[in-house]
Amino acid sequence: MPPLVEARRLGRRANGGWLFRDRSLTIGAGERISLSGPSGSGKTLLLRALALLDPLAEGSLRLEGRELAPGDSPAYRSRIAYLHQQPALLDGSVEDNLRLPFSLAVHRQRRFERRRAAELLEQLGRDASLLARDRSQLSGGEAQLVALARLLQLEPTVLLLDEPTAALDPASAELARRSIAGWHAAAGRRAYLWVTHDAGLAGGVADRHLRLSGGRLEEEPA
Amino acid sequence: MTAGYLELSYGQLGIAALLILINAAISLTLRLELHRRLLLAAVRMTVQLLLVGLVLEWVFAISRWPPVVDLMALMTIAAGIAAVRRTPRRYPGIWLDSLVSIWAASWLIAAVALAAVVEVRPWFRPQYAIPFLGMILGNALNGISLGLDRLGEELTGRRAEVEGLLALGATRWEAARGPVRSAVRTGMIPIVNSMMIAGIVSLPGMMTGQLLAGVEPVQAVRYQVVIMFLIASATALGTLGVVLLGYRRLFTPAHQFLHARLRSVGRR
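Chains as they are written, first to last, in our numbering: chain A, 1 to 222; chain B, 223 to 490.
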């Protein structure tokens with residue numbers, strides 16, 4: 001069975017030079033992968049490349065063995081979801097933000113379920129009253145949790161997580177980890193790639209460890 | 223004095239110029255640092271209008287279309303360039319987008335005006351073609367410039383939001399719709415405002431000119447209504463056109479936002 005995501009010979013340029021080049025990576029069904037590396041090594045750019053958010057300077061991506069056409073990006077991103085390190089919420093309430101993805105053509109066959117949204121927020125340590133809160137009244141950590149809940153309710157196949165707990169207090173971070181673990185365990189094929197600087201955290205959330213440094217992407221021992 | 227209007231002498235022009243000099247003196251006294259720009263603008267306008275007066279006298283005297291079309295093309299190119307020069311955030315291809323938009327919108331509307339509305343015969347009669355196109359260009363230029371300005375500002379200020387939408391599976395249009403809508407609306411604000419207040423707060427320029435030239439008020443009003451509709455249509459078409467062209471340059475067919483293409487060049 002082909003991997004969920006297969007990146008072949010990826011290359012990304014930055015500031016006139018190659019940040020990384022000729023790097024390949026697979027995300028297989030059920031895999032829990034961590035990605036570490038020094039600041040500025042290109043972890044975020046690698047994640048953005050895997051989410052197809054930036055044009056690839058070199059290389060190609062396959063989804064379950066299938067080559068992607070330019071028009072496939074929205075459908076691809078509905079399954080391979082990227083969580084930004086500092087996600088942006090739109091003007092309006094938390095509920096407006098959780099409803100937002102269902103107004104997009106790619107998710108239109110699905111319906112927003114308020115009860116499910118409230119359930120996800122509860123798993124993240126917030127009660128349903130948060131749904132009515134305006135975006136402007138949220139702290140950075142709360143915005144991060146809402147963005148995570150917004151992704152989890154869409155039940156993607158792969159999560160590309162860019163330091164999802166970096167802005168959270170220890171208790172909220174633990175709840176976020178559990179929610180992600182719950183999402184992962186709910187279906188056998190689900191996988192994630194989790195960027196973190198914290199070796200302890202990487203050991204707890206991943207079975208496979210990658211390190212990006214000096215343009216090299218290498219497997220690390222557990 | 224002629225039958226229709228009062229002729230102006232250079233002395234009378236001088237009295238008007240004196241008012242500008244008084245304003246410059248006030249700026250100098252209060253150290254507002256406006257006097258140089260004010261005088262430069264006044265001199266520039268006078269020279270430009272005197273030159274265009276000479277050119278128009280020459281063009282009005284000939285009865286062939288090529289010189290008229292040449293002049294119209296020059297005016298259009300100047301407007302396309304001026305629209306971008308006022309825009310502080312630019313992307314590769316913005317000059318072409320501005321030129322294409324202003325050219326298509328203003329020439330299409332001017333053609334409709336000359337051929338179908340006013341029914342000028344022959345169609346290139348410079349007394350009609352040049353002022354009509356000039357008025358259309360002046361306003362379309364404003365719309366295009368404001369639209370481009372707002373598109374750049376919105377996409378820069380709301381980059382995280384746009385990319386967040388793309389990451390959720392939005393198409394490029396779904397992600398850019400808010401900034402695009404805002405840019406088109408902004409471009410339309412001046413002409414919509416002008417139409418709202420026309421006749422109440424101000425008498426528009428063309429109508430004023432015709433009244434001063436002795437045209438009957440009802441005829442002057444009809445011309446003004448026609449020109450307002452033409453200007454609004456051209457501004458809407460030009461603004462929408464340039465914003466959509468910009469959108470296509472800043473978003474790839476693979477639904478990616480090329481934010482790095484937007485570069486700040488400083489406001490002029």
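Everything labelled a hint here was simulated from the structure, so no lab data went into it. Glycine included, C-beta positions come from ideal geometry on N, C-alpha and C. Treat the hints with caution; some may be incorrect.
[Said to hold, decoys possible] Now the in silico label distances, taken between C-beta atoms and shown as ranges:
(1) A:Ala-29 / B:Gly-315: 51 to 57 angstroms
(2) A:Glu-174 / B:Arg-399: 37 to 43 angstroms
(3) B:His-481 / A:Glu-122: 33 to 39 angstroms
(4) A:Ser-213 / B:Glu-255: 51 to 57 angstroms
(5) A:Glu-119 / B:Arg-399: 26 to 32 angstroms
(6) A:Asn-15 / B:Leu-262: 38 to 44 angstroms
(7) A:Glu-67 / B:Arg-259: 19 to 25 angstroms
(8) A:Gly-141 / B:Arg-258: 49 to 55 angstroms
(9) A:Asn-15 / B:Ala-238: 52 to 58 angstroms
(10) A:Asp-91 / B:Gly-360: 43 to 49 angstroms
(11) B:Thr-474 / A:Pro-2: 23 to 29 angstroms
(12) B:Gly-360 / A:Asp-134: 40 to 46 angstroms
(13) A:Glu-113 / B:Gly-360: 37 to 43 angstroms
(14) B:Gly-315 / A:Ser-60: 40 to 46 angstroms
Each hint tested on the structure:
1. A:Ala-29 / B:Gly-315: 51 to 57 angstroms: violated, 43 angstroms
2. A:Glu-174 / B:Arg-399: 37 to 43 angstroms: holds, 38 angstroms
3. B:His-481 / A:Glu-122: 33 to 39 angstroms: holds, 36 angstroms
4. A:Ser-213 / B:Glu-255: 51 to 57 angstroms: This hint holds: roughly 54 angstroms between Cβ atoms.
5. A:Glu-119 / B:Arg-399: 26 to 32 angstroms: Taking Cβ atoms as reference, A:Glu-119 and B:Arg-399 lie about 31 angstroms apart, which means the hint holds.
6. A:Asn-15 / B:Leu-262: 38 to 44 angstroms: Once the Cβ atoms are compared, 41 angstroms apart, the range 38 to 44 angstroms for B:Leu-262 and A:Asn-15 holds.
7. A:Glu-67 / B:Arg-259: 19 to 25 angstroms: Once the Cβ atoms are compared, 58 angstroms apart, the range 19 to 25 angstroms for B:Arg-259 and A:Glu-67 is violated.
8. A:Gly-141 / B:Arg-258: 49 to 55 angstroms: holds, 53 angstroms
9. A:Asn-15 / B:Ala-238: 52 to 58 angstroms: holds, 56 angstroms
10. A:Asp-91 / B:Gly-360: 43 to 49 angstroms: 35 angstroms Cβ-Cβ, so the 43 to 49 angstroms window is violated.
11. B:Thr-474 / A:Pro-2: 23 to 29 angstroms: Given a distance of about 26 angstroms, which is inside 23 to 29 angstroms, the answer is holds.
12. B:Gly-360 / A:Asp-134: 40 to 46 angstroms: With Cβ atoms ~43 angstroms apart, the hint holds.
13. A:Glu-113 / B:Gly-360: 37 to 43 angstroms: violated, 54 angstroms
14. B:Gly-315 / A:Ser-60: 40 to 46 angstroms: Violated, at about 27 angstroms.
Hints 1, 7, 10, 13 and 14 from the list above are not met by this structure, while the remaining hints are.
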